[in-house]
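Using the sequences plus the hints, can you model the full thing?
Sequences listed follow chains A and B, in order. Residue 1 is where the first sequence starts when you use full-length UniProt numbering, and the numbers rise one by one after that. Residue 1 is where the second sequence starts when you use full-length UniProt numbering, and the numbers rise one by one after that.
No lab work stands behind these hints, which were simulated from the structure alone. Here a beta-carbon is modelled for each residue, glycine too, at the ideal position from N, C-alpha and C. There may be inaccurate statements among the hints.
Unchecked claim - With a Cα cut of at most 27 Å, we get these calculated DSS-like pairs of lysine-lysine:
1. B:Lys177 to A:Lys461
2. A:Lys309 to B:Lys197
3. A:Lys461 to B:Lys197
4. A:Lys211 to A:Lys100
5. A:Lys388 to A:Lys398
6. A:Lys324 to B:Lys197
7. B:Lys89 to B:Lys129
8. B:Lys301 to A:Lys324
9. A:Lys477 to A:Lys377
10. B:Lys46 to A:Lys150
11. A:Lys480 to A:Lys398
12. B:Lys197 to A:Lys388
13. B:Lys197 to A:Lys480
14. A:Lys229 to A:Lys188
15. B:Lys301 to A:Lys378
16. B:Lys15 to A:Lys304
17. A:Lys327 to B:Lys197
18. A:Lys100 to A:Lys229
19. A:Lys116 to B:Lys23
20. A:Lys378 to B:Lys197
Said to hold, decoys possible - So the derived label-pair ranges between C-beta atoms look like this:
21. A:Glu403 to B:Gln31: 44 to 50 Å
22. A:Lys228 to B:Ala92: 54 to 60 Å
23. A:Lys304 to B:Asn132: 51 to 57 Å
24. B:Lys177 to A:Met323: 30 to 36 Å
25. A:Pro252 to B:Thr47: 23 to 29 Å
26. B:Ala21 to A:Asn117: 38 to 44 Å
27. A:Glu454 to B:Lys129: 22 to 28 Å
28. B:Lys9 to A:Ala348: 56 to 62 Å
29. A:Lys480 to B:Lys89: 42 to 48 Å
30. A:Ser445 to B:Gln31: 49 to 55 Å
31. A:Lys309 to B:Arg256: 21 to 27 Å
32. A:Ala348 to B:Thr65: 20 to 26 Å
33. B:Glu10 to A:Ser148: 50 to 56 Å
34. B:Thr47 to A:Leu497: 32 to 38 Å
As the list claims (entries may be wrong) - Covered stretches of chain A (chain B as the covering partner; in silico rule of three or more C-beta atoms under 8 Å from a C-beta of chain B):
35. 118-132
36. 318-325
37. 420-428
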Amino acid sequence: MAEAPQQQQQQQQEEEEEQEEQPTSVEETEADEGSEEEPKESVHTTPTRPLLSMRSMSMVDPDDDSPNMIVYRKIEDIVTLIQDEEEGVPIRTVKSFMTKIPSVVTGTDIVQWMMKNLAIEDPAEAMHIGSLIAAQGYFFPISDHVLSLKDDGTFYRFQAPYFWPSNCWEPENTDYAIYLCKRTMQNKTRLELADYEAENLARLQRAFARKWEFIYMQAEAQVKIDRKKDKTERKILDSQERAFWDVHRPVPGCVNTTEMDIRKCRRMKNPHRVKKSVYGLVEEGTQSQSPIHTPSHHCRKGTKEDVEKEILFLNTQVDRHRMKMSKVAESLISYTDQYMDYDQFVTAQEPANPWTSDDPSLWELEARKEPSQQRVKKWGFSLEEALKDPAGQELFLKFLESEFSSENLRFWLAVQDMKRRPQQDVAQRAQDIWAEFLAEGAPSSINLDSHSYERTGQNLKDPGRYSYEDAQDHIYKLMKSDSYTRFLRSNVYQDLLMAKKKPETEQGRRTSLEKFTRSVGKSLTGKRLTGLMQSS
Amino acid sequence: MGEMEELRKEMENLKDQITAARKTFQDTTLQEAASGVTVVGRVQLKTRKTLRGHLAKIYAMHWGTDSTLCVSASQDGKLIVWDSITTNKVNAIPLKSSWVMTCAYAPSGNLVACGGLDNMCSIYNLKGKDGNVKVMRELAAHTGYLSCCRFLSDTEIITSSGDCTCVLWDIETGTEKMVFAGHQGDCMSLGVSPDFKFFISGACDFTAKLWDIREAQCRQTFSGHESDINAIGFFPNGNAVITGSDDATCKLYDLRADQELITYQDSSIMCGVTSLAASKSGRLLLAGHDDFNVNIWDMLKSERVGVLAGHDNRVSCIGVSSDGMACCTGSWDSFLKIWN
Chain A
1 MAEAPQQQQQ QQQEEEEEQE EQPTSVEETE ADEGSEEEPK ESVHTTPTRP
51 LLSMRSMSMV DPDDDSPNMI VYRKIEDIVT LIQDEEEGVP IRTVKSFMTK
101 IPSVVTGTDI VQWMMKNLAI EDPAEAMHIG SLIAAQGYFF PISDHVLSLK
151 DDGTFYRFQA PYFWPSNCWE PENTDYAIYL CKRTMQNKTR LELADYEAEN
201 LARLQRAFAR KWEFIYMQAE AQVKIDRKKD KTERKILDSQ ERAFWDVHRP
251 VPGCVNTTEM DIRKCRRMKN PHRVKKSVYG LVEEGTQSQS PIHTPSHHCR
301 KGTKEDVEKE ILFLNTQVDR HRMKMSKVAE SLISYTDQYM DYDQFVTAQE
351 PANPWTSDDP SLWELEARKE PSQQRVKKWG FSLEEALKDP AGQELFLKFL
401 ESEFSSENLR FWLAVQDMKR RPQQDVAQRA QDIWAEFLAE GAPSSINLDS
451 HSYERTGQNL KDPGRYSYED AQDHIYKLMK SDSYTRFLRS NVYQDLLMAK
501 KKPETEQGRR TSLEKFTRSV GKSLTGKRLT GLMQSS
Chain B
1 MGEMEELRKE MENLKDQITA ARKTFQDTTL QEAASGVTVV GRVQLKTRKT
51 LRGHLAKIYA MHWGTDSTLC VSASQDGKLI VWDSITTNKV NAIPLKSSWV
101 MTCAYAPSGN LVACGGLDNM CSIYNLKGKD GNVKVMRELA AHTGYLSCCR
151 FLSDTEIITS SGDCTCVLWD IETGTEKMVF AGHQGDCMSL GVSPDFKFFI
201 SGACDFTAKL WDIREAQCRQ TFSGHESDIN AIGFFPNGNA VITGSDDATC
251 KLYDLRADQE LITYQDSSIM CGVTSLAASK SGRLLLAGHD DFNVNIWDML
301 KSERVGVLAG HDNRVSCIGV SSDGMACCTG SWDSFLKIWN
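Here it is, written out as structure tokens:
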């Protein structure tokens, strides 16, 4: 009774089902009624598929909070209201030629209703939501397989709750085969198969070759049942049934809206459910293990240990330091204000961004490291910004060297570099940094308070990436409050900021930075950049 | 069971205390504070490039720190590095497992990583000697799918997993250095702070956690969402956290206020948030949804100021380039689009 190959196409819609993935579905060779063919691509647009398993009968699981279900509930609230006798759109029977079209509304009716009742001002917004609802099959165009909403006189009908996606249908190909088969049995133009449906039917016939007699019989039985219903009712039901299949077996090229993110499939609520057939067939599925649902992996519930850990954590949080909302709001607002000019989505940047103009000049500018005034301005926002930009870092370093106080920054940079090194190099680097900056008589001695100094010394007994963390923080704060502020007031920086370059040569490449560098380079004899310092 | 009940009571009691404590600092709301700020006006971004080449759903993308290169991962089993200006494929890396869910670009530009249902994080060296891109390491220890990964450097990477934990790895040795456990549901996403000292994780237990990397401890937990948190990121200044959830809302939590500042929601947005990114200044929030659109929010005033509608299927990933010049969206429709 292997079903596997036929099941290969369907993407699941609900994780209420035991979702099983077969990453190697293509290679799956479960013998099935002598079927040679793998109809997967033919019937569905996606190459992947889950193996369906047991499911219980109908009824929405109230505990089901999968992403799709959350959306279905919201849609169903809307769809219920829109069909309400008092508050909804008027659903009517339209006379056409020699026939009547029962129970329809126009696309415009729907759009107008939505704009009014869902407080939507923008018609495009209403269309977007309407299209979403239509794509899920909650209402559908009566004369089209493509489930979209048009804001015109096109007729739409509402889907029967029986067929709602929230019922967790995952119809098997047997059901689909029965459906297509019975459509061919009735001599009605409106039931004629579309090309893609005819192709699907042909493939299913090949796939289900051994089972076809059974399917045919089921189709006949369904036709018999349908015939008993009254003509108008049949028209409505036929269209609803068709819309159901348009959702689960979409027109090639259309999105299958029942697909689910595979990361969400792992919620296995009830592993022992019976599969549900649209036509009431009782099937049994195989129960192979899904790679996601390995026994060791399960949704964690709160164990006693978890609760105890949580209590410990919460205790640390009760009296933690907090800042007033007004202060943090102010801080966020001033940050965005400061950077708005640098935000392409708010303020068009100069030069024109390369995606619009296909103009690489912006990038070349950056590469030449001739910093624009705007870029130089950013270095003044924070020490972090200055150090983030290689040109800013370079200028700051040069300034410090001119003051013979560059050891702090060099230390900080050396530690940053050390933290990115492979594990095996860290210990050696740590020792080198100690020798250069902290040891007795170190060539680039930095000024640490005795407490940090001792702590760091201790850390170095077992050197690791974080051995210098305290020292680094201390030095950073020092730089921020002292040398950085002086840097911003310095001539070097101010000149660059005010763009006081004198374009004395045609090259124009003699920027203040370069000139300054030369002059500094000449005057420095003692303090040199050691091999330890690498620009980050 | 009496003991369990008592413990739960104690837990709830503590939570109430914290809520009360937080309330005392609510002297205003972000919206009120921002009422005087100039409006941003309608934000209209255009598609500048479409990156074509993937043959199946794209699940993730990540910009390199060089502003034009980005990497994307698709369930067609490929990792592609794109030059987003020319739309050329710099590398097309075939993966062992096609069920990939995440990818990352190292800040150095030398490495990329990916992972998914194979429960592993695979590191690839883009700058190998012979020019071929090969697997450098396979980091295996998670017992659940790999939902997200982010490099700290060429030597360290952090991963989040469906096994409810996050892990810091040493890439050289391929070993776990630290395990960050505490979430009660699948970890879906993570983000690293600008100073690389902290990271945040969002999970299916509806909470976001801030972790101290050095101490391997959870420093703060934020709740409020009514469903899975699928996406998480830092506000550019590193002091606030942005989350996106299946409950169709995004939230902004401030680290120093230790609470939620604002919720970005609209009754006409029904589908869950899959991904998010903040613009360079933090003024705008771009959120990708299951309804194929990206919504653009004014983060201070909590108003929708734009929509990016260009994909034919769910938007699964979004990223703003490091210099903030463009944003990239990836979708189940197999295309990536560059906007600005």
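Now for the hints, and whether the structure bears them out:
1. A distance of roughly 20 Å separates the Cα atoms of Lys177 (chain B) and Lys461 (chain A); the hinted pair therefore holds under the 27 Å criterion.
2. Proximity of Lys309 (chain A) to Lys197 (chain B) is assessed by CA-CA distance (about 23 Å); at most 27 Å being required, the pair is judged to hold.
3. Pair hint Lys461 (chain A) plus Lys197 (chain B) holds up; C-alpha atoms about 23 Å apart against a cutoff of 27 Å.
4. Simply put, Lys211 (chain A) and Lys100 (chain A) have alpha-carbon atoms about 39 Å apart, too far for the 27 Å limit, and the pair is violated.
5. As the CA atoms of Lys388 (chain A) and Lys398 (chain A) are separated by approximately 16 Å, the hinted pair is consistent with the 27 Å bound.
6. Distance restraint check for Lys324 (chain A) and Lys197 (chain B): the Cα-Cα separation of roughly 24 Å lies within the 27 Å cut-off, and the hinted pair is therefore satisfied.
7. Proximity of Lys89 (chain B) to Lys129 (chain B) is assessed by CA-CA distance (about 20 Å); at most 27 Å being required, the pair is judged to hold.
8. Taken as a hint, the Lys301 (chain B) and Lys324 (chain A) pair is honoured in the structure, with Cα atoms around 19 Å apart against an allowance of 27 Å.
9. Restraint check for Lys477 (chain A) and Lys377 (chain A): the C-alpha separation of about 21 Å stays at or below 27 Å, so the hint holds.
10. A distance of roughly 25 Å separates the Cα atoms of Lys46 (chain B) and Lys150 (chain A); the hinted pair therefore holds under the 27 Å criterion.
11. Restraint check for Lys480 (chain A) and Lys398 (chain A): satisfied, since their Cα atoms lie roughly 16 Å apart, inside the 27 Å limit.
12. Among the hinted pairs, Lys197 (chain B) with Lys388 (chain A) is consistent with the structure: their alpha-carbon atoms are about 16 Å apart, no more than 27 Å.
13. Distance check on the hinted pair: Lys197 (chain B) and Lys480 (chain A) sit about 18 Å apart at the alpha-carbon level, within 27 Å; holds.
14. Restraint check: the Cα-Cα separation between Lys229 (chain A) and Lys188 (chain A) comes to about 16 Å, which is no more than 27 Å; the hinted pair holds.
15. Annotation: proposed proximity of Lys301 (chain B) to Lys378 (chain A) holds, straight-line Cα distance about 25 Å (limit 27 Å).
16. For the hint linking Lys15 (chain B) to Lys304 (chain A), the alpha-carbon distance of about 17 Å falls within 27 Å, and the restraint holds.
17. As the CA atoms of Lys327 (chain A) and Lys197 (chain B) are separated by approximately 23 Å, the hinted pair is consistent with the 27 Å bound.
18. For the given pair, Lys100 (chain A) sits about 17 Å from Lys229 (chain A) by alpha-carbon distance, which is consistent with the 27 Å threshold.
19. This hinted pair does not check out: Lys116 (chain A) and Lys23 (chain B) have alpha carbons roughly 37 Å apart, beyond 27 Å.
20. This hinted pair checks out: Lys378 (chain A) and Lys197 (chain B) have alpha carbons roughly 23 Å apart, not beyond 27 Å.
21. The given range of 44 to 50 Å is respected by Glu403 (chain A) and Gln31 (chain B), whose C-beta atoms sit roughly 46 Å from each other.
22. Roughly 59 Å separates the CB atoms of Lys228 (chain A) and Ala92 (chain B), a value that falls within the hinted 54 to 60 Å.
23. Restraint check, Lys304 (chain A) to Asn132 (chain B): a C-beta distance of roughly 52 Å satisfies the suggested window 51 to 57 Å.
24. Restraint check, Lys177 (chain B) to Met323 (chain A): a C-beta distance of roughly 32 Å satisfies the suggested window 30 to 36 Å.
25. Checked against the hint of 23 to 29 Å, the C-beta distance between Pro252 (chain A) and Thr47 (chain B) comes to roughly 25 Å, which is consistent with it.
26. In this structure the supplied range 38 to 44 Å holds for Ala21 (chain B) paired with Asn117 (chain A), their Cβ-Cβ distance being about 42 Å.
27. In this structure the hint that Glu454 (chain A) and Lys129 (chain B) lie 22 to 28 Å apart at CB is violated, the actual value being about 45 Å.
28. The hint said 56 to 62 Å for the Cβ distance between Lys9 (chain B) and Ala348 (chain A), and at roughly 57 Å that hint holds.
29. Distance hint check for Lys480 (chain A) and Lys89 (chain B): the Cβ-Cβ separation is about 43 Å, which falls inside the suggested range of 42 to 48 Å.
30. Under the hint 49 to 55 Å, the C-beta atoms of Ser445 (chain A) and Gln31 (chain B), about 52 Å apart, fit the expected range.
31. Under the hint 21 to 27 Å, the C-beta atoms of Lys309 (chain A) and Arg256 (chain B), about 25 Å apart, fit the expected range.
32. Judged by the Cβ atoms, the range 20 to 26 Å given for Ala348 (chain A) and Thr65 (chain B) holds: they are separated by roughly 23 Å.
33. Checked against the hint of 50 to 56 Å, the C-beta distance between Glu10 (chain B) and Ser148 (chain A) comes to roughly 54 Å, which is consistent with it.
34. Between Thr47 (chain B) and Leu497 (chain A), the C-beta spacing of about 37 Å keeps the proposed range 32 to 38 Å intact.
35. With 7 residues having a Cβ less than 8 Å from any Cβ of chain B, the segment 118-132 of chain A passes the three-residue criterion, so the hint holds.
36. For the segment 318-325 of chain A, the assignment as covered by chain B holds, since 7 residues bring a beta-carbon within under 8 Å of that chain's beta-carbons and 3 suffice.
37. For the segment 420-428 of chain A, the assignment as covered by chain B holds, since 5 residues bring a beta-carbon within under 8 Å of that chain's beta-carbons and 3 suffice.
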